[in-house]
Amino acid sequence: MQNRRGFLLTVVTGVVAMAMVVGTVLADELLGVLTKVDVEGKKVTVVEKDTDKEIEVKITDDTEQVSKKGNRKVDLEKLDSFVKKVQDQGKKGIQVKVTHEKNVASKIEFKFQRKKAAE
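Note that the sequence shown covers residues 1081 to 1199 in the numbering used here.
Since the hints were made in silico from the structure, they are not lab data.
Glycine residues also receive a C-beta, built at the ideal position from the N, C-alpha and C atoms.
Please note that a few of the clues may not be correct.
[Claimed, not checked] Label-pair restraints from in silico Cβ distances:
hint, residue 1, residue 2, range
1, Lys1172, Glu1144, 22 to 28 angstroms
2, Thr1090, Lys1171, 49 to 55 angstroms
3, Ser1186, Lys1164, 21 to 27 angstroms
4, Gly1150, Asn1183, 21 to 27 angstroms
5, Ala1097, Lys1158, 33 to 39 angstroms
Assemble the whole structure, with the sequences as input and the hints as a guide.
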């Protein structure tokens, strides 16, 4: 009896582990430039890196913002002002990597380019 329970426990644990791995694999990653933030609609627009295609991604309360300072919830108002500040400097937007599933973001990572040392 104990052997059957042990086997069943092992099988169930394996199935759960596989489901978690498959769940993370299904999430898509979008590399590009964040150009617009719709605070009221809770959406951001990202221009894809190689295709220059605009993709709208919905932001939820569970969406995390990853930066050098660590992980936190996305504050769309601060993000909107940051995007506008960067665009005022003459840039297209902010380099980001968005992890999403069916255009609902789970994580937004900022990709800052390192400044080249003066030679």
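Taking the hints in turn, this is what the structure says about them:
Range check, Lys1172 to Glu1144: about 24 angstroms between beta-carbon atoms, so the 22 to 28 angstroms window is met. Our hint of 49 to 55 angstroms for Thr1090 and Lys1171 holds, since their Cβ atoms are close to 53 angstroms apart. Under the hint 21 to 27 angstroms, the C-beta atoms of Ser1186 and Lys1164, about 25 angstroms apart, fit the expected range. In this structure the supplied range 21 to 27 angstroms holds for Gly1150 paired with Asn1183, their Cβ-Cβ distance being about 26 angstroms.
Between Ala1097 and Lys1158 the CB atoms are about 37 angstroms apart, so this pair conforms to the stated range of 33 to 39 angstroms.
When each numbered hint is compared with the structure, no violation occurs for any of them.
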